Structure formats: C-alpha cells, structure tokens
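Residue-level listing of the chains:
Number of protein chains: 2
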Amino acid sequence: MSMKNGKILRVNLTTKDITTENIDSGAARSFLGSKGLAAYYLFKELRRGVDPLSPENKLVFMTGPLTGTKAPSSCRFVVCTKSPLTGAWVDSSCGGFWGPELRFAGFDGIIVEGRAESPVYIHISDGEASIRDAGFLWGMGTIDTISYLRERHKSDRTVRVATIGPAGEKQARLAAVIADMRAAGRGGTGAVMGSKKLKAISVVGHGKVPIADPQKFNSLAKEAHKENKEDSARMAAMGTASIVKLVNSTGGWPTRNFSESQWDEAAEELAGETFQKTLWGGGKYVKPCYNCPIRCAHLAVIREGKYAGISDEGPEYETISLFGPNCGIKSREVITVADRMCDNYGIDTISLGNTIGFVMECVERGLVSLEEIDGVDLRFGNEEAFLKAVNMAGNVYGNLGRLLANGVKRAAEKIGKGSEKFAMHVKGLEIPAYVPRAGHGHALAYAVADRGACHLRPWLYGAEHFFGKLNPSTTEDKPEAVKLGQQNRALIHSSGLCQFAVSEDMLYESLLQMINAATGFNYTVDEFRLVGERINNLTRSFNCREGFTSKDDTLPYRSTNEPLPTGPQKGQVIRLSEMLPEYYRVCGWSEDGVPTKEKLEELRLDFVIEDLY
Amino acid sequence: MSMKNGKILRVNLTTKDITTENIDSGAARSFLGSKGLAAYYLFKELRRGVDPLSPENKLVFMTGPLTGTKAPSSCRFVVCTKSPLTGAWVDSSCGGFWGPELRFAGFDGIIVEGRAESPVYIHISDGEASIRDAGFLWGMGTIDTISYLRERHKSDRTVRVATIGPAGEKQARLAAVIADMRAAGRGGTGAVMGSKKLKAISVVGHGKVPIADPQKFNSLAKEAHKENKEDSARMAAMGTASIVKLVNSTGGWPTRNFSESQWDEAAEELAGETFQKTLWGGGKYVKPCYNCPIRCAHLAVIREGKYAGISDEGPEYETISLFGPNCGIKSREVITVADRMCDNYGIDTISLGNTIGFVMECVERGLVSLEEIDGVDLRFGNEEAFLKAVNMAGNVYGNLGRLLANGVKRAAEKIGKGSEKFAMHVKGLEIPAYVPRAGHGHALAYAVADRGACHLRPWLYGAEHFFGKLNPSTTEDKPEAVKLGQQNRALIHSSGLCQFAVSEDMLYESLLQMINAATGFNYTVDEFRLVGERINNLTRSFNCREGFTSKDDTLPYRSTNEPLPTGPQKGQVIRLSEMLPEYYRVCGWSEDGVPTKEKLEELRLDFVIEDLY
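Residue numbers (our numbering), protein chains in the order written: chain X, -19 to 593; chain B, -19 to 593.
Hints were generated in silico from the structure; no laboratory data involved. All values reported here derive from a predicted model rather than from experimental measurement.
If chains are identical, the list can't say which one is meant, so a pair holds when it fits in one copy or spans any two.
No more than 30 Å apart at the CA atoms, straight line, and that leaves these computed lysine-lysine pairs for BS3-like: (1) 134 to 50; (2) 310 to 286; (3) 134 to 206; (4) 257 to 177; (5) 202 to 134; (6) 267 to 134; (7) 225 to 550; (8) 531 to 394; (9) 401 to 531.
Turn these sequences into a full structure, and let the hints steer you where they fit.
Have a look at this one:
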C-alpha cells in the first residue's frame, strides 16, 4: 500500500471488509478536513433517522490538513457520528498523539461501519490495517487497554491507542473515546464505538505528512511556534484552570447545578494557581500533546491523605468546574480522583458533572428518594457520595449508574416532577462550565451550536467578560458574533490544529497561509471564510434532516426564566427569543432555522438540497 | 564505559558519586550471583546493628549468571538489604523484564548507598547512569510512575522501571519494589528504597549477556525450554492458582487468620479453574516474563458489576489465599481489586493479607475497638471494610493504615492483650499461604528460613501433601529435607532463573550445565552443592551477627499449641522443638543455631569468622 496521503480507511465490521479510498480532491477543497470532511461523508452516507447505536450508524475518525505537521499544536483529530446522546450531529475533538500517528501510518481518516459479532480492535501499521480479536480487552479500563496494546504491538515507536472503557462498552450515552489519555469526550461517540463492539484502534506509522510547499510551510510553522510560545506562558503554567478565578469573579462559574454563578471559597481552592502550587508540583511537569509549544496539560499527583498515590492527567477547567462548584465540591483531590476514574472508564466529565449536579438538586428538593438511587446520599458537597456516583456512572452500575450515564435529559425524563426545568442541556448535550445567564452571547451560542450546548462554537465568554468586546447584558451584536464565530471555529476544528494555537486574529492570516502551503489549495480569504460557513451549514443541515428546527434552539427554563441570583449579572435572564430570528437571518436560514435553498446553492451544497428540499 | 559484564554499579545518593567496579571473580565463583553475591557484598559492607531505614543501610539489586540469557525463564533479579520488617537478612526475588534489561545495559547489579536530600530516580542507559530529580514522581502510584518514565526515556526499546509506590515512600515496613508490575514483595525492601528517597530505577540497554561457551549454552537452553514447555501446561492455564483446590483439600489453606485450614466453598470460587473461566478470559491472555515458556502470569479483567473496568496482573495463589480465605473473603473481584491496589501502592500482598486477617480476628475477639481503627468494621468477610483497609494500608492513611502497613508483629505489639499468640509470623515476616500446622516439613522451613517465614526455602508442602515424599505428621527426615532444600533454593535464587523453571531433579544436571557453559566456572556437582550451602550459611551468619539465634527460630503460638481444627491433619500441632536440634546438627551449627567455625572454614567463609567469632 502506498504511503501517499489523502487516503481514507474504510472498515466494515459486519463484513470484515477493509478498503482504502482516495479522498475526493473537490471534497477536500470544499470541506478542508477533520470536522468538515467527516460531515461531508456522514451527510452523504447516513440515511435520515438512523438509530445512532445501530450498525447502520457510522463512526468517522478524521484528521485535518495540518495534523501531524510542523505547525504548532498540530495534534488534533475528530470523532464524528450521529450522536446517541442528542440524535444530532456530533464532532468531538481530541489532542494527544493518535491523530498525527494515523497520518504517519498513511491515512487521513477512518470510517467505521457495521457491527462486529464479538469485540474487536483495529490495528493499523504503516498503511496496513487488520481487525483483531478484543475478547479479552472487553471490560478493561482505558489505562490498561492502552498499556496492553502498546506492549502487544511494541515497535520502535510508541503505539498510539484510541479506546473506549466500560462506559462505551455498555453504550452509556455519555461515553467518550480516550486516545492516550486525551478524551474525545462529548456527545457519546464512545457509545457508538461500543455499539459496534469496537474496543480500540491502535496505530503506528513511520511515514511523513505530505506538504505541498515544504519550504514555505516550515518557515510559517516556525514563526507560528514562536508566537504561540510567547503568548502562552499562563497556559503553560496553569493550563485552562488559569481562568477559574476570572470566571468566578465575572459571575459565570456553575455552582450547585447552575443555580448560582459564584463561589469564592471554592474558586480559591480550585484555582489554577492553587493546583499549580499543590497537586501539579509547581507546574513544571506537563504532558504536552504532539508538537505543542503551549503545553497546557498538567500532571497531578496526590501526595498526602486519603487519596495519596493517585495521579491524573489534568483536571482541566471544565472538569474542575463541573465536578467542583457545580456539585458543591471544593476538594482538589476529590476532583482529581474523579477525573482519573472518568478517563479510565471512558466517560465525559463535562456531561457527567452536569448530570450529577442535576441529580443532587433533585435529591435536595426531594424529587428523588435515596431508595431510587441505591441509597447513595447524593447531595451537594457530599464527597464520598459524589465519588461513588462517578464510579457507578463510569461502569454503568446500579440504578444510579444507569441514571447518570445516559445524561441529564434522560435523567430528567425519568425523574419527572418538573425537574426538566433545571436540567441544564441544549438538544440533550449538557451545558459546560459557563453559566448561560451570565451573558447573552455565549448563551446564544449554546442554543444554536450544531452539537448542542457547546462552549467552543464559538467561545464568547471571553469577549463578553474578559476583553470587553461584547456586552453580556444585551442582545445586540450577538447573532453576528455567534455566526462569525461558528464559521471560524468550523475552520479551526477542520484544520487539525488545537484551538488554543489559533487566535481569531491569525485565522485568516497565518493559519490560512499554513493551510495553503500545506495543501496547495491557494484559498483566498473569502474562499476560506466560505469553507467555514459551508461546514457550519452542512452540520446544521444534518440536524435539519433529522428533524431539528428552531424549536430545538433552546435554553433550559432556568436560563430564560429564573433571574440569576449572584454576580455582576445578578437578576439577568437570557432573552433568547429576541436573538434567534436575527441569528437565522444573518445565517441565511429560514424562520424555522433551516438553511435556505439559496444559501445552500451559494455554498455549493447541492447534495444537501436534494435531501432537505 | 565498556559493555563487558561482571560489573557492579555503585550509587551513593548522599555524595551523588556514581562508580563502576568489577565483580571479584573469586567472589562470583564462591557465591554464583544474585542472592549469593548480594549477601557477600552486604555481609562485608554493612556494620552490625545498622538501622535498616538509615542512610547506612544499603540496597542491592542483583542479577544472576543466567539472567537475560536464552535459558528458560531467565528473568529474575533480587533486591537485598537488612530488612526493616525483621531486622534480618532479606532477599526478595522479582521476575518481569527489569533484571535482563539491567544486564543488557552492562551491569550485573547495583548497590545503592546513602540517602538523597530530595526524591530522585536513577536512570541507566547502556553503561551510563545518572541521578535525576524525582520531585514530581514522589507520591505517584507505581502504574503511573512506570508509564511516566517510559515516556520520558522513550527509545527503541521499552524502558524498564523498578519503582516504589506511596507505601515505600512512607517507609511502610511492608512496602515492596515493583518492577513493571512484578513485585519484589517481601521484607520491606520498598521501605529501604523510600528511606533513601529513591523513587525508581529506569533501565534500557542494547548489549548482550556474555556467555563463556555460547554453542554449548544455546543447545542446553533449547533443551531446557522444551522440557519446561512440556511440563507447564497447568501453570500456563491457571498459574500458581492451579493449586488452590489441592491445598484446600489437603487442609493447608489459611482460613480466618490461619485458625482453620479448609473452606470448600471459597476454594470453588477462587480456584484457578474458576479464575480461568471468568476473570482470566479463558486463560489465553497471559503476560509472561522475559523469555518464559511457562507463562504463569494471567491478566484479569472484571467485566461486570460494581468493579467492572478494573484489571490486574494476577492475582497469584498467595494473594488469592491471604486476601481470600484468610480474610474470610471469597469474591474473585474483591481480591483482584485489592491486588491491583497493592501493586499500585507498592505493598506486599502476602504480608498485608496476613496482617488484615490478624486485625480481623482481633476485632472479632473484641481486642480492638472500631474507634481505634477509624471506624472501619474490619471483620472476616466484610468486603467493603477489607478494601478500605487495603487502601488505607497502601497509602499509610489513618490509624488503621499505619497499623496494617507495618506488619503483623508490630500490630500485635500495639494491640497487646495476648494477641501475639495468633500473630502469624516468624522473625517478623508474615507467614504465607500454607497453614504451618498442616505439616512438619514446611513448618520447620518457616521457622528457620533466613528471611523469616518463607514458603520457598524450601517449598516442602508439595513433598508432604501432593507427592507423598514426606509424611506431614512426623518430624522424621524434616531437618535433612529442609537443609538440603535451603541449599538448593539458594542456588536457584542465585542463578537468575525462576524457581518454576528449575525442578530439584534438574538442579545438578541441566541447571549446573547451563551455569558452567554460561560462566566457565566448571563447577563439579560437589562444588556446586557447596556454593548453595555457603550462601545459606552466609545469610544465616548475617542474621547471627545481628543477634538472631535459635530463640528466633520459632513458630507462632497457634502453630505449636492449638490443635488444627480441620482437615486431614486435624488435631495436629507442630513439634518444632523436636526438629530444631537435629536441623542445627545437620547444618553444622551450634546448639544456638550459629554456624560453627569449622563449618565456616569448610565453606571458606573466613571473612565471616572474623565477624562472628
């Protein structure tokens, strides 16, 4: 098999067929890579209404044109599918080393189809792929699975492994894919992998990523490295946790199931500064992803007390906040232990922390009896109960484990009694660690993001609260900012770079230049912008085909009806209905939120028109 | 630095001096290697009465002449020191890959001296060694430490790591050294490593082990491989757990702190056959040590229930029995979870299971109040309390953790109230998983073994109960059998081979031939036998110098005074005092159990005479 890139590996686990195909060069130019290209394949190949956990759903692992190159933080790949959590589109991005290694092995992506009869894993080595028995690996946590497959396929390079843990095997709708201890966390991609009885994909390769204009590319990459290194001292020191205090002081820190937005005492305990001084051992021990000058990933070691001897890669801002204040917890150790458990079980910490916070509120309000949840006294701040809940969710054990492992929307449906009013999700995806009521911009982004409540498409909390670019209290300018931000994020998530390495400023300058040098596409700025808009319209169309309309672009009742009790935005509710029509208008979508024929034609998404109209 | 072998690396952590020295060829011939050679160095270099946890104690890692060669199961190294658990000699043997790698890196052994100011690890790569900062690794469990150092020193070979966990760092006297998830478990070598602030030794090497007569050696090794493979189907299928039912049916299975010796129901649940069908996934997934045709090491995966997602290398017969019936536990999952925890914390499962069983008996008898042990209801069969106890011991947390982590002798001293009568140890080392009262031979071996109660110097349970070679009910022939067995075991433990690869039959035939071909020593059978006796007299003399005499060759009160209530040997107590004088006589030792001048002269142990007389 040739080592030339631009190839997709297609593995059908039902028929055991393994084929390789070239990526259509037109498609590559139209959809760039990673998220964009995966959306292209999945829109074309999935039929409307497919059951996400059936063999007919497909699971796509895809890299971008910069993955595995000399560009800074060129580590990313995405896992895409129809989400079993939301029924909508999901792309879940992941760092580490697996994505680059896949390209070194000669493939830009993998499309997994069908369902194996019994557990298998896929091993890929320099252009060759095989389906292998994973009977024994089934049931193993991710840590041992990775270590086991590394040993089994030992070579002169570290074998990179993307795997599910027990949560994915049991098709928990919050299950993640874990690649070398980084997570493609959101939207239940791990459950789809589990439904296909695919335990892991191990990869090793010795090839190089082809670059159209190597000389130019290398010089651009070098410059970008330098800039990133200069900008990222804070990230290197404290990772994403560096913003804990800032989010708390600006009144957006999810506390007790998003009912409040500040908790000063916990913010001190859980600040990046405090983690750095304590569990992160001064912050000098990092485990950076592939080729990353930012180095945000810290290693935590618990040296004293009850949990001594446990270490963890992380936790990140999101995990700290959802496991911390959102569950009434302020112990770094407890959060670290829980993070480690979730990595090993393969379950999304954001969604799980959100769901636990919700059940805690239900328990406190008397909507759930302890008998219904196996006697675990799951109240805000009960550390032991919290850890028990994480454990039970991770291995989908007992009533409580099953309740939590399938997310907050289903938990609210099961509990009933009006609890859906404070079930903090959009389209079924749990809201991450910025309180919606703290700002209209990021709240609108939650409401309309393709995969459900996502803080990264775009991340407007900074613009609203840190940089003074947007006023969090008004609806003004938010529709435009969200639309533009979505396009930009679609480009970043399709490039193969980490979002932390691409500021909005450099998107149409150095990123575009690097992409042109790498691909030879020679996009103009306008063309490039259009790629972003195209991808965003494609995933929106995917959702529309599945029946999602404006009625699903919502926020929880709590966000739109209960005045925020604390913080600078005290008293605020989100006036979503004022923003939505304008948002649809700037997107070129109908009042129902469906991309118009004209917009789709403009974006040359003809194959979408056929399906939608 | 040359890659020629026969070199010792000496690392002084106080002065940071790293030196290399040749092994004296006379010493190598006299003491063979591994245990024997370590005893030679430690006897000569340690002063009488040295505090085991002081910088003046030394810690010796030593391989044997066959370690890392083509001989079957040539994986072993020993960790030797003055034991902080017993105050006596200890050699603790370990399989895996670390020992062979040390030889590939150009060293036969390492002598660690002094104490670092702050935590360090030693990295060895092809003849070069350096002392490095381990500030961050301090506090980490062994699993993450190994993974972290492998990543940090990534090369074309898997870096092999011997490390301590939190138990060793906190100088728990039951702390083990863990090398790639195999344990040098017994006697607290991990505590000595911790006292030196030495977290780990990582090794990688590309050299070959020198062989005097390669052609002859290779042909002998090939033959030995074949024989081992034929003999070991049962071991490959069920590991050491294959004997669970046999030991139970012959009435030697430690049950409820050795108070009973049979538990049929648990024997069914915990038999190798049952593990094989369940957690071991049919038994086909093994993780064999270096170059091993026997492949006794199984991988357990818990797939269902409360503990789903946890996997473990093991557990072995000893762990199964001490954590199982000895603590009133019959759950494979609970034992497996506990085994995994102990590996990660770096604590000896044999000693810990014995000590927990003891405290359970104390609780049941009302000698310990729950307040004294942090409210943990540690009674026979309480699975949750048992796991909590293992966890607390492993990270030396709370009163209970501290009580357990320092072994049964100290626990009995603390609890008092006559509890020492059922504290099951000899010289402070906890008795392993054969009830002493079941047979006079293995009971005598417990009483007189150099490191305290050891089931392997020699293993007479088989001769007494499986093979009909010795009558377990009489004192006859036992002193001779123990003496001969000790010599033989000293040879095996000094050879670098695993004891499972060397039957007593082949000791003076194929093992001797392989050693001669490898070393060029050309031992006669008599000379070789003398080496075994010499080593055994040397470690005995080490103990005598520390003040150990016949008064320490004891068995617990329970073994010599309370008739065994169950099994084929029902009613039996061990008549130790009838056997000891004869044992000393056949050894050529005084009535006090001290090697006579004449014996020492005969064995050419002149440097010992100077110290003892």
